[in-house]
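Asker: Could you build the full structure based on these sequences and the hints that come with them?
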Amino acid sequence: MTSLTVPPRPRGRWMPWTAALVIVAVTVVMCLPGVGVGLDVAAIARNWQQGALRIVELLTPDWTFFPRTVGPILETLQMAVIGTAVGAAISLPVSFWAARPTNPFTPTRALVRGILNVIRAVPELVYAAVLVAMVGVGALPGILALVLFNVGIVVKLVSESIDATDAGPLEAGRAAGGTQAQINRTIALPDTWPTFVSQTLYVFELNVRASTVLGLVGAGGIGLLIDAVRTYYRYDQLSLVILEILVIVVVLDTVSDAIRRRLV
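Last residue of the sequence shown: number 264 in my numbering, and the count goes up by one each step with no gaps.
Worth double-checking, as some hints may not be accurate.
[Stated by the list, open to error] Quick list of simulated restraints, FRET-style, between CB atoms:
1. Leu-216 with Leu-53: 39 to 47 angstroms
2. Asp-163 with Tyr-202: 13 to 21 angstroms
3. Val-70 with Tyr-202: 25 to 33 angstroms
4. Thr-18 with Ala-85: 46 to 54 angstroms
5. Val-255 with Asp-191: 20 to 28 angstroms
6. Val-251 with Asp-191: 29 to 37 angstroms
7. Val-130 with Met-15: 44 to 52 angstroms
8. Thr-165 with Thr-108: 52 to 60 angstroms
9. Val-251 with Phe-105: 37 to 45 angstroms
Hints in this document: simulated from the structure, not taken from any laboratory. Built from N, CA and C at the ideal position, the CB exists for glycine as well.
Answerer: This is the structure:
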């Protein structure tokens with residue numbers, strides 16, 4: 001009867017634990033006063049009464065405030081829809097210019113990617129603040145900020161998806177004598193379309209959330225109302241607005257998930 005040979009224990013079992021300890025140690029150091037952000041946990045204990053009062057107000061929404069929220073909520077949804085549609089229309093061709101298989105010409109690809117890096121480096125709230133100063137308070141600066149935000153995200157995600165696909169069909173199209181535009185339209189676009197639609201739906205969900213924040217700097221939507229009720233410490237009215245946004249986000253997530261399942 002042959003004896004079983006026990007394989008040696010794998011080396012490096014201690015590495016995950018070491019990495020976890022290093023992360024914990026760095027986090028603790030970054031929270032120390034004078035070294036990192038100076039996290040004062042005791043402030044929670046000192047101000048718990050104020051926090052409890054605000055939580056109680058947030059748990060008792062003012063339902064009579066609902067009629068005043070309908071208009072801003074609809075404007076927020078309109079901003080999200082228009083920003084998503086315009087951003088998607090711009091992002092689809094730009095995604096082909098930013099991907100290596102669909103744009104073999106390195107200078108133009110590097111230029112497009114460089115511009116997109118600059119666009120993504122600026123937060124949408126900064127775009128909104130600058131655009132409000134340029135075109136005035138209202139929905140227009142919010143829509144323009146969302147378009148820039150959408151182009152930066154969708155092009156990056158879709159172009160990376162194109163880079164990860166098999167380049168064989170594209171090479172076959174070139175061997176058959178097709179131009180790059182013909183190859184992109186007839187071969188790359190059908191393969192890219194499900195990913196593009198999925199990312200566009202994802203960005204639409206983000207736009208609804210972002211629109212509520214852009215209004216804080218005057219870019220229209222429900223954010224203007226949030227800023228007003230927050231200024232007057234009407235947390236009961238703020239609670240109603242938050243509840244409406246939550247319902248809209250849940251509905252959009254459900255619809256988007258159903259559409260994605262049909263695309264797969």
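Asker: Quick one: which hint numbers does this structure break? Sort them smallest to largest.
Answerer: The structure breaks hints 1, 8; every other hint is satisfied.
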